[in-house]
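Participant: For reference, the chains in residue letters:
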Amino acid sequence: MRTSPLERSVTIVVLAVGSLVALFPIAMIVASAFVSDNPNETGIVWSNLSTAWDEGHFSTYMRSSVVVTLCVVVLATALSCLLGYAFGTMRFRGSSVLFYVLLLGLMIPNEAIVVPLYYQLRELDQINTYQALIFPQVAQSLAFGTFWMRAYFRGTSRELVEAARLDGAGHFRTFWSVLLPMGRPAVVTMVVLFSMWTWNEFLLPLVMIPSNEELRTAPLGLTFFSGQYTGSPSLLAAAALIVALPMLLLFLVAQRHFIRGMTEGAVKG
Amino acid sequence: MTVRAVKKPVLAVAVAAVSAVLALSACTPGGGGGDDGEDAKPEDISTDVASMGDITLDVWDQEVRGGQAKQIEALNAAFEAKYPNVTIKRTSKSFDDLQKTVRLAITNDDPPDVVQVNNGRADMGQFVAAGLLRSLDGYAEVYGWDERFPESVRSTASYSDDGKTFGEGTLYGMAQVGEMVGLWYDKQKLGSLGIEPPQTLEEMESAMKAAKAAGELPVQLGNAEAWPAIHDFGVAMNQYVPRDDTRALGYGRKGASWTSDENVQGADLFKSWVDEGYLTPDFNAVPNDTAWRDFAKGQGVFMIGGTWYQADLEAAMGDDLGFALPPVGPVGEPAVTGGTGLPFAITEASEHADAAAAYLDFLTNADAMKVIQENGGLPVIDGDAASATGVGKEVITAWNKVTEEDALVPYLDWATPDMSDLLGQQLQKLSAGTIDTAAFLDTLEKSYTDFTDQNE
Amino acid sequence: MTSEETVAVPTGDRVRDTRSGRGARRRPGPPGEPRRVAYLYLLPGFVVLTLFLLAPLVYAAWLSLFAWDGLSPGTWVGLQNYVDVLTDPTLRAPFGHALVLVVFFSFIPVVLGLFAASLLTRSTVRGRGIFQAVVFVPQVIALTVVAVAWKRILAPDGPLNDALRAIGLDGIARGWLGDPSTALVAIGLVGTWLGTGLCTVLFLAGLSRVDRAIYDAARLDGAGFFRETLAVSLPSLRNELAVALTLTMVAALRTFDLVYLMTSGGPGGATAVPAYEVYMKSMRQGDVGTGVTIALLLAAFIMVLTVLVNRIPEREDR
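Chains as they are written, first to last, in our numbering: chain A, 506 to 774; chain B, 13 to 468; chain C, 1391 to 1708.
To be clear, the hints were calculated from the coordinates, so they are not data collected in a lab. Take these hints with a grain of salt, some might be off.
Unchecked claim - Some chain B residues flagged as far from chain C (calculated, every beta-carbon gap over 10 Å):
(1) K53
(2) T119
(3) K266
As the list claims (entries may be wrong) - Here are the in silico distance ranges between beta carbons for each label pair:
(4) F1497/C to E664/A: 37 to 47 Å
(5) E546/A to E457/B: 28 to 38 Å
(6) V1437/C to D454/B: 46 to 56 Å
(7) E546/A to A451/B: 46 to 56 Å
Glycine included, every Cβ here is placed at the ideal spot set by N, Cα and C.
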């Protein structure tokens, strides 16, 4: 299809401006992280990253973030696949009611859950623990994950399942050895999404980890860091970069696959 | 799927959810683990820390600024050296961060032994009411804290046992440092303007005017956090409001009012400073930490602020830094907002209360006061102006004057649990011109009387 | 938005399944055989859901009937908290602010995204793939980091004001987050920045599925860019529109991180939003009943909105 040269140039301008605006804040942080706070010192400074890492206790916070993210992603993925398989391929009583319950999970904002959950977990002496960070996030991820996997399983070919059954495969083997391996693209996209949500989550650790610094996650650590280093924009930028980097890298690696999967899957619901 | 088939699972799910809830929590929402255990009686108290076996004291403080951090580190080390069986596990956070987390931390199953708690009703008041803090009366008797600290100091950390009356009753905290809000000034700038530190409101206003005319920023302020302007506002209020009225307001006594003529004059005065451009442009957008750093770098002739800035400002400005008491206004009596730094309190759940009390004693004894002064702090008692250097001399002299003249008035934001947030928020509105002083004071009055009415 | 769990989901069984190509046909229920074993697959997931999602929700409803400071025993007040929230203007104001944010987090990004996606679909320009990835980057970054960056941009001496002054607009330059008349809009613009990429990517994908012949036909009829966008692109994007609107509107309504990190609800309460009030009341000011009540009303509001928005694709089918 042909378009006028004018429209072509407009398109290119929109592309350029859009990219610029999208990247400017991040570029600013990156640029700031590699200069010195001392105006007399010029050139690229690498030490901000290591200083921020040490002063901000980021080795502790990153470890905590990694542990929480791994646990949430593994648990939520496993449970979502099981739920999605059941909802997508089986008929059973109460399926639509249970499905509405899941719908509820999609629509209830995190904010409505965190406060009562905090007081419940406090009653059980579970504040300041990994559990308090992990299970609520698994629950919040499940609703989406189930929809996602259900869409995949519903889209799988019925003939394939029949064939597997004729071969003598039970329902679990059909799930585990036939359908799931084929669904790798869907699962990978879901894993990336879960990772980003969990890594970036802020309110839950803010509430659930009031005092145990060992369990503080990286984004939360960043806010405490910024409370203490307001006088040092470069260090703060370096700390922000440290927190953002893992997910930026993950996205960079997965982006092509991820964006495609995201748009296909999300619309299908 | 038929409707009937749907109903059953709905019921089942609902029942399951409700029973799960009931299993998870008692019916009426209850306390956060505070039990009203017996308070220690003097005869039961052990002061022999060395014989208590190996103990780890979990201590939360907000002494993160230079000098304050140094003195607490020195005292902690000295305490551990004196009692090798005690390990102090210190957690320090900035004031803002401590405020954010202390409520959550103190109510969980493993709270710190010792924690710095803000005196006001929002913090210490509610914690006392919930039985989360330990009465220090028994320890005060054993260690002689009643003689060590004058009543005016102890009353700022005293509540009735139900937490309803503030300023008298049982002692719940021990503070290390005195604290007052005064005028920090840049000696060089004031000198080049040919002005002396102002003694009266008139002098203060003409100094601000002169500074402005000379192209200087008269008063540095960064108020993005909404609490810093409370101190500028307090100085304005103290120009007009009799100090006994301010005390009634600060301690949240019934019958005190925000809408007296003097309050109106005080609020108008603050507003006029904003309108005249005496305060930092866009101060509601400037973080507090940026503001005092800018002041230290030479932006601003004055900065209204507490003595907690002393160590940091002195480190940056050296001999250029001056401190003066706020001017005495038309009310005719000096009134200086302040009291003590955040008092250290012992949690009810602490298993090492006796050791914690010994630690409090150690932090506030005569030797500790010397360490505080050496590190650029303002000891709550025994401040020795003669041996002080630099701006410390001015601060200690001012403090002694204030305590002698009984000029201390409490922070206005202590009054009710939400006064701190409300006052800060309303001041931002007032200074931005969204509301006028009448609406400003009415809002405060309503919230204040709502509280005092139900706090019977 | 980056912590967004919600995706537009047309109600239950009426989900359209485009991959299998049988989307338009309504099916009575999930496929497959009747199987009791399904419950076994559901069990672990529903245990977690019940304990960590449903139970807190029910407990929230219970807590909303009390005046409770979170420390000492609470007092039963019945529905008083609901009356308070609905009648007290200072408690109602945050909901108004959230609606303003919807404009910036949702409506503007949807319009911008539509515009960009349409343009890109018409012209074949190199770098489209990279562009998609680039505009999506804001979604990937933790909001704590986003807040650090934007606070700096919007500061009184930040790049935005520098730029304004450089082009002679000194009068407009200000502390954007410290001025009650601009703070909410400033946060809204961060939301626009966050959401536009997401919308663009969604719409681009949607348009790539549109039959090219329709465009050619429109072109032959002499349709220009705007007519083509309205007459061809928009109708074929109904599903994507529902998804984009749901995602961004929900993100707007539950905004917490940005407000907490950038303005603390200030100046003078100008940026107080429901989720922030929930946190402040329940966790800081010792007013758990009110906080939880706001949370439940917010949740109800979001649910109603989600259901309404997701009627877009279906209603127009008929």
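Participant: So, for every hint listed, does it hold in this structure?
Facilitator: These are the hints, each one checked on the structure:
1. K53/B, annotated as away from the interface, keeps every beta carbon of chain C farther than 10 Å; the closest lies near 25 Å.
2. With a minimum CB-CB distance of about 6 Å to chain C, T119/B fails to clear the 10 Å threshold, and the non-interface call is violated.
3. Listed as outside the interface, K266/B is consistent with that label: its C-beta sits roughly 20 Å from the nearest C-beta of chain C, beyond the 10 Å cut-off.
4. Between F1497/C and E664/A the Cβ separation comes to about 45 Å, which falls inside the hinted range of 37 to 47 Å.
5. Between E546/A and E457/B the beta carbons are some 54 Å apart, a value that contradicts the proposed interval 28 to 38 Å.
6. One distance hint, 46 to 56 Å for the beta-carbon pair V1437/C and D454/B, holds here, with the actual separation near 53 Å.
7. Checked against the hint of 46 to 56 Å, the pair E546/A and A451/B passes, with Cβ atoms roughly 50 Å apart.
Violated hints for the displayed structure, listed by number in ascending order: 2, 5.
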